[in-house]
Structures are given as structure tokens and as C-alpha cells.
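Chains as they are written, first to last, in my numbering: chain Y, 2 to 434; chain B, 208 to 459.
Honestly, I wouldn't trust all of these hints.
Unchecked claim - For lysine to aspartate or glutamate, the following EDC-like pairs were computed, each having C-alpha atoms within a straight-line distance of at most 16 angstroms:
| id | chain 1 | residue 1 | chain 2 | residue 2 |
| --- | --- | --- | --- | --- |
| 1 | Y | K117 | B | D250 |
| 2 | B | K241 | Y | E130 |
| 3 | Y | K416 | B | D252 |
| 4 | B | K327 | Y | E151 |
| 5 | Y | K341 | B | E258 |
| 6 | Y | K416 | B | D250 |
| 7 | Y | K341 | B | E382 |
| 8 | B | K277 | B | D252 |
| 9 | B | K406 | Y | E151 |
| 10 | Y | K341 | B | E381 |
| 11 | Y | K341 | B | E238 |
| 12 | B | K304 | Y | E41 |
| 13 | Y | K347 | B | E375 |
| 14 | B | K277 | B | E314 |
| 15 | Y | K133 | B | E375 |
| 16 | B | K369 | Y | D51 |
| 17 | Y | K412 | B | D250 |
| 18 | Y | K412 | B | E314 |
Unchecked claim - Now the in silico label distances, taken between C-beta atoms and shown as ranges:
| id | chain 1 | residue 1 | chain 2 | residue 2 | range |
| --- | --- | --- | --- | --- | --- |
| 19 | B | S384 | Y | N135 | 47 to 55 angstroms |
| 20 | B | I334 | Y | K4 | 39 to 47 angstroms |
| 21 | Y | T192 | B | D231 | 16 to 24 angstroms |
These are calculated hints, taken from the structure and not from any lab test. Even for Gly, the Cβ is constructed at its ideal location relative to N, Cα and C.
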Amino acid sequence: MQKIVNVCTRVEGHGEVKIMLQNDEVSLANFEFNVYRGFEKFLIGKRLLDIPKFVSRICGLCYASQAIASCKTLEDIYNIEISEQSIYLRRLLMTAELIKSHSMNFFFQTLPDLLKIFNISKNTLSPYELIKFNPQLTSNLYDLIKFGNEINEIFGGRSVHLISIVPGGVIYSPSGKLILLSQKYLQKALTIVEWIIEDFIKLFGNQIPPEDFNLPNTICLAKNNHGIYDRYSGSLSLKEDKNLIEFEAQNYTRYFNKEINLRGIDFFFENKKNVIVGPFSRYKIIEKYDFDKINTYLEYFNKSWTNNLLFINFLRLLEIYIESYKCIQILGEPSLNVRKYLPSFKSIKKNEGIGVIEAPRGTLIHNYHINKNNIIDEIKLFIATEFNIPLLNQMITKYAQELFDKTGDIKLVEKEVQMIIRAFDPCISCATH
Amino acid sequence: MKPRFNIISLTSCTGCISTLISLDIFPQFLERIKINYFLFILDSDDIEECEIALVEGCISEETQINLIRKIRKRAKRVFALGTCACFGGILSLSNSKKAEPLSNHIEIDGMIPGCPPPSKFFGNCLINLVGNKDIILSEKNMCANCPLRGSIEINSHIKITKINPNPEEIRLGEENSECFLNNGILCLGPITRDGCEHKCIKMGLPCEGCMGPVSKDFTSNVVNFLSLIELSQELQKYTGIYNRFSKPKINR
Ligand code: SF4
Ligand code: SF4
Numbered sequence: 002m003q004k005i006v007n008v009c010t011r012v013e014g015h016g017e018v019k020i021m022l023q024n025d026e027v028s029l030a031n032f033e034f035n036v037y038r039g040f041e042k043f044l045i046g047k048r049l050l051d052i053p054k055f056v057s058r059i060c061g062l063c064y065a066s067q068a069i070a071s072c073k074t075l076e077d078i079y080n081i082e083i084s085e086q087s088i089y090l091r092r093l094l095m096t097a098e099l100i101k102s103h104s105m106n107f108f109f110q111t112l113p114d115l116l117k118i119f120n121i122s123k124n125t126l127s128p129y130e131l132i133k134f135n136p137q138l139t140s141n142l143y144d145l146i147k148f149g150n151e152i153n154e155i156f157g158g159r160s161v162h163l164i165s166i167v168p169g170g171v172i173y174s175p176s177g178k179l180i181l182l183s184q185k186y187l188q189k190a191l192t193i194v195e196w197i198i199e200d201f202i203k204l205f206g207n208q209i210p211p212e213d214f215n216l217p218n219t220i221c222l223a224k225n226n227h228g229i230y231d232r233y234s235g236s237l238s239l240k241e242d243k244n245l246i247e248f249e250a251q252n253y254t255r256y257f258n259k260e261i262n263l264r265g266i267d268f269f270f271e272n273k274k275n276v277i278v279g280p281f282s283r284y285k286i287i288e289k290y291d292f293d294k295i296n297t298y299l300e301y302f303n304k305s306w307t308n309n310l311l312f313i314n315f316l317r318l319l320e321i322y323i324e325s326y327k328c329i330q331i332l333g334e335p336s337l338n339v340r341k342y343l344p345s346f347k348s349i350k351k352n353e354g355i356g357v358i359e360a361p362r363g364t365l366i367h368n369y370h371i372n373k374n375n376i377i378d379e380i381k382l383f384i385a386t387e388f389n390i391p392l393l394n395q396m397i398t399k400y401a402q403e404l405f406d407k408t409g410d411i412k413l414v415e416k417e418v419q420m421i422i423r424a425f426d427p428c429i430s431c432a433t434h
Numbered sequence: 208m209k210p211r212f213n214i215i216s217l218t219s220c221t222g223c224i225s226t227l228i229s230l231d232i233f234p235q236f237l238e239r240i241k242i243n244y245f246l247f248i249l250d251s252d253d254i255e256e257c258e259i260a261l262v263e264g265c266i267s268e269e270t271q272i273n274l275i276r277k278i279r280k281r282a283k284r285v286f287a288l289g290t291c292a293c294f295g296g297i298l299s300l301s302n303s304k305k306a307e308p309l310s311n312h313i314e315i316d317g318m319i320p321g322c323p324p325p326s327k328f329f330g331n332c333l334i335n336l337v338g339n340k341d342i343i344l345s346e347k348n349m350c351a352n353c354p355l356r357g358s359i360e361i362n363s364h365i366k367i368t369k370i371n372p373n374p375e376e377i378r379l380g381e382e383n384s385e386c387f388l389n390n391g392i393l394c395l396g397p398i399t400r401d402g403c404e405h406k407c408i409k410m411g412l413p414c415e416g417c418m419g420p421v422s423k424d425f426t427s428n429v430v431n432f433l434s435l436i437e438l439s440q441e442l443q444k445y446t447g448i449y450n451r452f453s454k455p456k457i458n459r
């Protein structure tokens, strides 16, 4: 058996594709990481209220999601309700993070693949060629990244590892002037993303995506707030074809779990199907976004798209639109603009807490357990990318097998499978917590 | 000729890199340089020769030692980007893993500290690098320009019982003018380098020291400082203070 290892490029973090060749056939392709940092281990024994700022450092792209999931877990343990204002602010910080994360992934990581797949460019464009490819698209995407970043700075105090996210809510500090500025940014973001969405439709709407990128039958997992697009509140849902199960987060072990100190998530589905999380699942579970305009945009894409991995690129743009719109409304809320003190964390009510949110890349679950002395003795983190890995490996194995069969060119296979990996937008920092 | 850059991540959260890409000068920065190696945005094969290497993350694996030596060999100047690369960073909290700063293995030409580096400071550093200049760090500590103006004497009258205010006690701007140390809350401002514009303090939280020490080693500075004041029994044993962003030199 021959093993071929290749470092992935244009992904967030350090990951490798390992391809196994046996009797001149690909037997397996796997997406792997070498470095694990062990957050679940070294956070044991740390002070409960310190955990959110530590877990923020798991990831420089999903920092707000990590910190907020952690705060929710502590609020569960202490049985604390946070103010309406803090919920607004958390949503706002999560949106700013999403705008940045989705835009960076789209521009630097997946757009060059899309252009090549649909023969719009002959080879994969370098960042320099990409900038020149469509200068207006470039400056629009830079602007989106900038707006997301500025809003994180204004309401979070920093570009990543936001200072204002603490157990009990969000420390609120911006002046009226800065709120107005944020409103302007988001209004501009809305116009820009509309332009990008329309450009996307023009470029790709009447094309047929390659079948190699079709998703196999999977089980979707996402938060579900009565069928409304919402990454902060709600229960969890699983959906396979038309069958939808809704369940409360504390019952997750019925469907999946993980072994302490072992990598990966174990699923307990009889049919052994793989799970997908992220924009695709969020869309499948709610079925319809609560925006007429968005639903009109969706009509440009027929069946050949809606079950294709490349469709997720479009869904990411739609999410930027929806969230920018919702946050403009948040910024106009009167209850936002008052100085509020945070609740106090006096007594522990439970020995276990769970916090769930939808990070940009999908469902994120924190689950902490504390012992008799109120010291944290077990931490489980369920990371979006970890949910997706089995499906991702299933897809790249099939793709590699077929492409190698057809071409016999292993160098080509090494390069091309990465397009599937990038379309998943894996977050290696998170997955190597 | 445009300076060539290698931008590399070791064991990190990628937050310094994502901050770099989000800087408003990033488009101009890209134009003024030539990217040789930057896996986040470019299909790069090998680490080639360059004028400047920016390295994010700490060294946690043996294999990274050879890598960092290679990076050093192929670059005219190497800069540590972020607290992980400068001092070890968050992974210092781990007992079982190493979290070494670059300088444990190679000579560096300067550093851009912060977790992540504050945007304005980071932007200025890049302008200097592109102009072939050095990075200039403040020689002052956080207290020197602190909005809470603590002209406080560091001695055993300072009694510390908390490392953070409780959530309900967080006070902002006009609501608070008292140095944290006077309120029994540990602020690492006295030993931490100025340069972040007091971001945490302005949010009502004490300095955690992410910009690193004004001089010499991180942990020994913390220990020295704590030995001068009175720390509650409970906190004396808490590794979350000592190993927040760096390990003692002997067990990095
Ligand atoms: S210094 Fe902070 S932001 Fe930078 S890589 Fe390390 S943990 Fe992430
Ligand atoms: S100890 Fe902290 S709060 Fe006090 S003056 Fe120094 S930086 Fe400011």
C-alpha cells in the first residue's frame, strides 16, 4: 500500500489530505490534522468564569461563537437569564463574525475554485490575479470583511477574541455616534452583498454544477427556532429527506456523543448515514428564509444545484444578506441603547451545563460538568467541522477513486480533492482544539 | 523590487492571520509586497527565499523546530506575530504540551505582540516592515497612559482577591475611576507593555498582559510582581494567572 500526503492550501489552518493507493486503485482519501492542542483537557480545573475567554482562543475565525457558546453553558449551570440587550449584542457580534468569515472564505478560498470549475478562468487564480479578475467584486468583498471587522471592534473592543463577551451578557460601551456608524456599515453591507449575490447568479446561475460535487444522502443537523433562520436561540433538529426530529440540546446523547480524549464524534443512527452541519443544514431545516427577496434569488438555481456542495457558496452569501438586514433592525432597538449592569453569578444550580449556537460553519455545542467542589471536571466540545469530517472523507474518497480511475494522475487527484474540502469551509483551528 | 513575504502559522488559532486580512490597509499591503508563501490564501508549495517572514503561533511539536529553522534560513528578517509566537500564548495553560516562543529556537528580528495584535498598532508595524524599517515597541508600561490614572505604589498594601470583577461589578468609563489594584482586582498593567490603547480597561476589565512584558521574561515578571503584593490564598495556586500567556522558561 502506498500512502500519499499533501498539505492543503487555501484552507484555514494546517490540514493534510492522505490518499491510500492499493493495487493501482485509491482505497481511501482522508482529511487529517497533526496538531491537537487539548483544550478539553487543559481547561479542567480552571475557574468557571474564565472559560469563555480561554475558549475564544480555540479559533481566530469563530471566536465569538466559541465564547458565546461557553457563556451560555455557564448561564445554564448558574441558571441565569441574560437581558434582551445582551442577546441583541450577542447576535450582532455573531453576525459581524459571520460576515468576515464567510467573505474571507468566499473570496480567497472558494471563488478561485468556482471560476476554474465553470471554465471562467483557465487555471486557479492567485490572489493577485483574483484581485484583477473583477476589481469591483474585490473591493466589495474587502469592504464586507472591513465592515464585519469594524463592528466587532466597536461592540467587542477588538477584531478577534472580543473583550465585551463575558458570562452574563455583553459589556456595552459604544457611543451613539459609533452605533450610527455601525448602522451605516451594515446598510452598505446589504447593498454590497446584494450586488455580489446578483453577480453570482450572473456568473453561475445558468450553469450546471459538476455531479462529483453532489451531496450523498445525509442527515442535516442545525438549530431550529420554529422554522425561522436563527443562529442564537431555539432547539436542535435533525432532518433526513422529509423527516424532521426536534430535540432539546440536553438530549443530544441519544443521537451522538464523543469519548473524552478521543478525536471525532460518534453518531448513533441505525442507517449509518453521515451528518452535515452549516449553511446547507440551516437552509434544509427551515426550508424557507423569511425574506421574499431571498426566495426569489433561490429560484435561479434548479435541482442540479440545491443538492450540490457548491450551492453552499451561494447560501453563505444569502446568510450575510439576512443577518445584515436583521442587525440593522437590532441597531434601531430602543432597548439597545441603555447602559445595563450584568447579572451576578452567585450560586451554582446544576452540575452540568450545555450551550449551543450555530457558528458560521455549523452547530457548536459546549457541555461542561462540575464536581462536588464546583470545579470543572469534564469538558466536551462538539465542533462544526468535526461533525462534517466523516461526510467530507466519504466525498473525497469517492471523488479521488473516480478521478484516479479516469486519469491515473495522482498529482491531479491530490489537487482536485482539495476543492471539495474547501467547499466545506473546514475550520481546522476549531477542529484541532 | 517589492519585498517578498512568507506568512506562516505554527500552532495557533489563526486569529493573528485573520486580523491581518481584516486590516483596512491589507489590500494596499498586498499590492506593495509579493506574497511567496501564505497557505491561507495562496497555493504555495515550499518555503522559498524572502525578505520578511511573519510567523504566527507557538512551537508545540518537535517537527516545527526544523520548520522554523528553515523559515529562518530562507528569510532575511523574521518577525514573531502575536502573543503565541512572541511568548508561547494560550497553550501555555497546558501541562502536557509545549508552548515555545520562536525565540527559543531561532533569532528573531522583532515582534508584533498582542492576542491578537491591536489593529492600529499592527497596521503601523506592517507599514514599517514594507518600508524596510524596524518595529518600534513602546518602552512604557500600561499604567503610564492608563485612563484610570493609577499613580499607585506597588507594595504589600495591595491585597488581591480577584482576577476579574464579577460580571455585575463591571463598570465603564465615568462609572469607575479607580485603579483595579485598589479594588482588589489583579491588573497586570504595571508589568505589561503599552500599545493596545487600554482596550480591556476601557471595557471595565483589568489588563491580562497579552502585549507581553516591558522587559525580559514573561513569567518571571509576573512572579516578581505578585511577590510584591498580597495575593489571596486561593489565587496563589491558580495557574490561570501564571500561565495565562507564557510558561516559565524551564518548562516551555
Ligand atoms: S496570539 Fe492570540 S490571536 Fe494570535 S494566534 Fe495566538 S491565540 Fe490566536
Ligand atoms: S494597574 Fe491597571 S488599572 Fe491600575 S493604573 Fe495600571 S493599567 Fe491602569
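A quick look at each hint next to the structure:
1. At most 16 angstroms may separate the alpha-carbon atoms for a hinted pair to count; K117 of chain Y and D250 of chain B meet this at roughly 14 angstroms.
2. With a CA separation close to 13 angstroms, the supplied pair K241 of chain B and E130 of chain Y stays within the 16 angstroms bound.
3. With a CA separation close to 12 angstroms, the supplied pair K416 of chain Y and D252 of chain B stays within the 16 angstroms bound.
4. Annotation: proposed proximity of K327 of chain B to E151 of chain Y holds, straight-line Cα distance about 12 angstroms (limit 16 angstroms).
5. As the CA atoms of K341 of chain Y and E258 of chain B are separated by approximately 50 angstroms, the hinted pair breaks the 16 angstroms bound.
6. Under the criterion of a C-alpha separation no larger than 16 angstroms, the hint pairing K416 of chain Y with D250 of chain B is consistent with the structure, at around 10 angstroms.
7. Proximity of K341 of chain Y to E382 of chain B is assessed by CA-CA distance (about 12 angstroms); at most 16 angstroms being required, the pair is judged to hold.
8. Proposed proximity of K277 of chain B and D252 of chain B is supported: the alpha carbons are some 14 angstroms apart, at most 16 angstroms.
9. Restraint check for K406 of chain B and E151 of chain Y: the C-alpha separation of about 14 angstroms stays at or below 16 angstroms, so the hint holds.
10. Taking the CA atoms of K341 of chain Y and E381 of chain B, the gap is near 14 angstroms; set against the 16 angstroms cutoff, the hint holds.
11. Between K341 of chain Y and E238 of chain B, the direct Cα distance comes to roughly 45 angstroms. Violation of the 16 angstroms bound is thereby established for this hinted pair.
12. At most 16 angstroms may separate the alpha-carbon atoms for a hinted pair to count; K304 of chain B and E41 of chain Y meet this at roughly 13 angstroms.
13. A hinted pair counts as satisfied when its Cα atoms are at most 16 angstroms apart, and K347 of chain Y with E375 of chain B qualifies at roughly 10 angstroms.
14. The straight-line distance between the Cα atoms of K277 of chain B and E314 of chain B is roughly 12 angstroms, inside the 16 angstroms bound, and the hint therefore holds.
15. Proposed proximity of K133 of chain Y and E375 of chain B is contradicted: the alpha carbons are some 51 angstroms apart, above 16 angstroms.
16. A distance of roughly 12 angstroms separates the Cα atoms of K369 of chain B and D51 of chain Y; the hinted pair therefore holds under the 16 angstroms criterion.
17. Taking the CA atoms of K412 of chain Y and D250 of chain B, the gap is about 14 angstroms. The hint holds against a cut of 16 angstroms.
18. With a C-alpha separation of about 37 angstroms, the suggested pair K412 of chain Y and E314 of chain B falls outside the 16 angstroms cut-off, and the hint is violated.
19. The hinted window of 47 to 55 angstroms between S384 of chain B and N135 of chain Y holds, with their beta carbons roughly 52 angstroms apart.
20. In this structure the hint that I334 of chain B and K4 of chain Y lie 39 to 47 angstroms apart at CB holds, the actual value being about 45 angstroms.
21. Take T192 of chain Y and D231 of chain B: their Cβ atoms lie about 19 angstroms apart, and the range 16 to 24 angstroms holds.
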